[in-house]
Amino acid sequence: MTLSFNLLLAACLAYSALLFIVAFAAEKRARAGRLGILRSPLVYTLSLSIYCTAWTFYGAVGYAARSGLEFVTIYLGPTLVIVGWWAMLRKLVRIGRAQRITSIADLISSRYGKSTALGVLVTLLAVIGTTPYIALQLQSVTLSFSVFTDGGVGDETSTGLWVAAGLALFTILFGTRNLDVNEHHHGIVTAIAVEAVVKLVAILAVGAFVVWGVAGGPTAVFALIDASPIAQWQMQQGRWVTLLLLAATAFVCLPRMFQVMVVENTDETHLATAAWAFPLYLLAMSLFVVPIAVVGLAVLPAGSNPDLFVLNVPLAFDKEWLAMLVFLGGFSSATSMVIVAAIALSTMVSNNIVMPIWLNARRGDATLSGDVRNVVLRARRLSIAGVLALGYLYYRLSGGGGALAAIGLIAFLGVAQVMPALVGGLFWRGATRNGAAAGLIVGFVIWIYALFLPGIGTGTVMSAQFLADGPFDIGWLRPRALFGIDGLDPLVHATLWSLGLNASVFVVVSLLGFPGPLERLQGSEFVNVFRFSTAHKGRSPTTAEAEDLLMMAQRILGAREAQALFQATAARQGKDGYLPDVTSDFLERLEREMAGSVGAATAHAMLGQIAGSGAVSVADLMRVADESAQMMEHSIQLEAKSEELGRTARQLREANEKLTAISIQKDAFLSQISHELRTPMTSIRAFSEILREAGMDRETRDRYAGIIHDEALRLTRLLDDLLDLSVLENGQINLHETDVELTDVIDRACTAALSDGARLTIRRVVADERLMLHTDADRLTQVFINIIANAAKYCDAPSPELRITVSACGDGINVDFIDNGGGIPMAQHAVIFEKFSRLGQTRIAGAGLGLAICREIVARLGGQISYLPGQGGAAFRVNLPQARFGAHAVASVA
Amino acid sequence: MGKRVLLIEDEPNIVEAVRYLLTREGWAVDTHSNGATALDAVARRRPDVIVLDAMLPGRSGFDILRDLRTAPDTSAIPVLMLTARGQRRDREMAEAAGASRFMTKPFSNSDIVDCLRELGGHDAA
Chain F
131 MTLSFNLLLA ACLAYSALLF IVAFAAEKRA RAGRLGILRS PLVYTLSLSI
181 YCTAWTFYGA VGYAARSGLE FVTIYLGPTL VIVGWWAMLR KLVRIGRAQR
231 ITSIADLISS RYGKSTALGV LVTLLAVIGT TPYIALQLQS VTLSFSVFTD
281 GGVGDETSTG LWVAAGLALF TILFGTRNLD VNEHHHGIVT AIAVEAVVKL
331 VAILAVGAFV VWGVAGGPTA VFALIDASPI AQWQMQQGRW VTLLLLAATA
381 FVCLPRMFQV MVVENTDETH LATAAWAFPL YLLAMSLFVV PIAVVGLAVL
431 PAGSNPDLFV LNVPLAFDKE WLAMLVFLGG FSSATSMVIV AAIALSTMVS
481 NNIVMPIWLN ARRGDATLSG DVRNVVLRAR RLSIAGVLAL GYLYYRLSGG
531 GGALAAIGLI AFLGVAQVMP ALVGGLFWRG ATRNGAAAGL IVGFVIWIYA
581 LFLPGIGTGT VMSAQFLADG PFDIGWLRPR ALFGIDGLDP LVHATLWSLG
631 LNASVFVVVS LLGFPGPLER LQGSEFVNVF RFSTAHKGRS PTTAEAEDLL
681 MMAQRILGAR EAQALFQATA ARQGKDGYLP DVTSDFLERL EREMAGSVGA
731 ATAHAMLGQI AGSGAVSVAD LMRVADESAQ MMEHSIQLEA KSEELGRTAR
781 QLREANEKLT AISIQKDAFL SQISHELRTP MTSIRAFSEI LREAGMDRET
831 RDRYAGIIHD EALRLTRLLD DLLDLSVLEN GQINLHETDV ELTDVIDRAC
881 TAALSDGARL TIRRVVADER LMLHTDADRL TQVFINIIAN AAKYCDAPSP
931 ELRITVSACG DGINVDFIDN GGGIPMAQHA VIFEKFSRLG QTRIAGAGLG
981 LAICREIVAR LGGQISYLPG QGGAAFRVNL PQARFGAHAV ASVA
Chain G
63 MGKRVLLIED EPNIVEAVRY LLTREGWAVD THSNGATALD AVARRRPDVI
113 VLDAMLPGRS GFDILRDLRT APDTSAIPVL MLTARGQRRD REMAEAAGAS
163 RFMTKPFSNS DIVDCLRELG GHDAA
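Here the protein sequences come in this chain order: F and G.
For the first sequence, our numbering begins at 131 and goes up steadily by one.
For the second sequence, our numbering begins at 63 and goes up steadily by one.
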């Protein structure tokens, strides 16, 4: 080899320097806000090309040389996803932007209720799945070095170490330069885009050289292909489908792919461009794989490593500059993959493992003291170094052996375990955290046991005997023949079991369980991301102080960004120049911004510490429910109060109505008194004036004198009544109680009441009336007269009748007077016993004092008088107490 | 033949006194004592003057007066309203209802005779 190692090293360094400059320039442009080309869909599409690592660059040709067209699946899988399932990718990108997702672990954690545990699980899976891959890149770089140096200058291990260290430096410099709220690394993405071009140009150059420079044109190449073993390749259907599935899954789930496709995405529409441009890129990358493989097989000595055909074919024809280009292409492939993978992993490790631990360790004061930004950045830097150290370690320990492609596929299946939880999380609201965790763990364990451990080389962890007979000679636990399924290709076998059981367990556990409140919120946000972009209010307004929040936000987002955010919010709230109100909207937004820096689970936890609600827990919901219950109770109490008020108001209204009625009665009575006094006086005056005139016969004179006399008596009666009532009301009455038979009292009353010839028929059951009473007979007679006279006056039946019935009632007797007239209207019941009360406007003899006097008298006699409604006519009941008559009742019945 | 007066009053002694006084003055006196049928009596008797008590069984004198004043046949008949309640409200109600004269009981015999003479025109005397 004429190409000196030093020259190679210089080229390598120069190329690295170029990348540094590109990254630095891009970063500077982005910082200045002149994104321009940095945000073009072209850069986005090219950045996706980190899918093509050194494994694809070198390994595809080796793969083709060994297994024929099987390598095509590695290109076909992503093509199928980006073309066929574009909608899913778009949803993923939308969610990633809406929720400020920082990594695939963050996505799973966020979807399933911002679960820290799931974040840790996916992070571990990603680290374990990616470490061999990084080792692979280191191996490919050292291998390609060794091709040039013939294994002479410098040893492979130190080359690997240098490469790892250099990559760590670059990644730390550009990947953790700042804690960008959007987690966009313009410098790195641009550098990757450049590398994508370099590796495409390199592989196309070799391809062109092989076809036209070596084989002598396409026709010759086809002839060569026909003659080669590749033409004899038979498709193994199971393996073909499995590989297709793995490649498609890996395209979505690989941490680095997620990083460039979702996290670094600046514009959703870029995905549309990538949908056609990226498959074209893959086509270009794979176009010359078979020709190079065929020519390599034909030209190079038997036993050459087919993984290095791309490099060795130009060298065999002494095309050193072409080889140099290829070397740089391979170098590009390796470095871009390692850089992005390291960033993705370090984000996951810092956000999902380090930060939760740190927060836990400094519980309480974590959000208010210490520089969170520095902690995060330091955690990321250390993580990057750690990831690369792991990769290097793996590379050293595995001894750099094994076919490159085999390790690649093992890693694919590892990260593919995230797929059920991811797809389920995007489309199925019933998916639960427990389901996702259980599925992931099952898939992960089977992958480790059935593929990863056997795959890193027989004898390293699992002995040949272990593989053949299973642990403790348990046949159905043989790593490559689980549950007795034998004879399958190990990869197909492991894929079937791990992904199959993973998905099944995920679905079953999800169906059996029930998503928690926060899981449901997030679930609906994810599944319905297109329907409402920022609809939900996950956090109730809290006592969090805006100042505390600002302090914390400054240390996470940076002072400038945090202040800008707070000012913008305050301005939106109409409080320009002040701190914003801590609304749930604001907290939601702040949490999302912070999630962009430290991940969803951590941001939620940190805000939770300040805002006092770590999560929407059942306890929270219970509290809310309690509050509602209390409010309900209050409302019930209020209702009761208002009912009481209503009752009081009703009573007041009734009292007022009564007062008003009484007042009206009083006015009416004054008129009535006036009328009752003036009417007899009118007659007296008129006739006395007539009598004063002479010339009148004696008969007429006597008659007129008689009228004057009657009217004078009438006046006297009226005055007597008024005085009587006044005396009764003042309690100055003297009762003359004697023993008297009830029937005698009624007899006297009837006779007196009907003495003026009123036509009223009285119906009595005299046998019932033979009861002795000890009472004031005259007063009782007065009451009965009044009632009977009323019936005679008011009963409006054609042939008026009054029924008098006597009955015993408890410790008293009832004397009922029921006529057959129209009765007294309900409205009058309340007032008929009031003095001055009269029925209707029209005038009937009597001043309306009768019933009032009766009421007073009966009360004095120890009984009561009441109106009996519903008896057909007007009905009055006089109740007299037992003590007044009891002793004589038996004798009278006999 | 003298003019006709209809006396609508339910107190028999007052009816007798007024009838005596007016008959002696040359009036043909008809009497009616029920408020409810008073309008019929007016239609039947076609009096030249009406003496109407305010408080009647069956119907108030004020209501009867209002109806008399709205009916074209009776709207022009002079009405002397009598009341025993003697409150100013009664006088106002009577004037509002369209009473030609208003007297409070008890009245002097000469007052009611003079009043009727004015209402019926001098030829009645």
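Don't take each hint at face value.
[To be verified] Partner residues are not named here, just some residues of chain G that face chain F (Cβ under 10 Å, in silico):
id : residue
1  : Glu78
2  : Pro168
3  : Glu180
[Claimed, not checked] Here are the simulated distance ranges between beta carbons:
id : chain 1 : residue 1 : chain 2 : residue 2 : range
4  : G       : Glu180    : F       : Gly861    : 40 to 46 Å
5  : F       : Thr868    : G       : Arg150    : 37 to 43 Å
6  : F       : Ile863    : G       : Glu180    : 34 to 40 Å
7  : F       : Asp874    : G       : Arg106    : 36 to 42 Å
Don't read these hints as lab results, they were simulated from the structure.
Ideal Cβ placement from N, Cα and C applies to all residues, glycine included.
Hints versus structure:
{"no.": "1", "hint": "Glu78", "result": "holds, 7 Å"}
{"no.": "2", "hint": "Pro168", "result": "holds, 4 Å"}
{"no.": "3", "hint": "Glu180", "result": "violated, 19 Å"}
{"no.": "4", "hint": "G/Glu180 x F/Gly861: 40 to 46 Å", "result": "violated, 55 Å"}
{"no.": "5", "hint": "F/Thr868 x G/Arg150: 37 to 43 Å", "result": "violated, 51 Å"}
{"no.": "6", "hint": "F/Ile863 x G/Glu180: 34 to 40 Å", "result": "violated, 53 Å"}
{"no.": "7", "hint": "F/Asp874 x G/Arg106: 36 to 42 Å", "result": "violated, 50 Å"}
Checked against the numbered hints above, the structure violates hints 3, 4, 5, 6 and 7; every other hint is satisfied.
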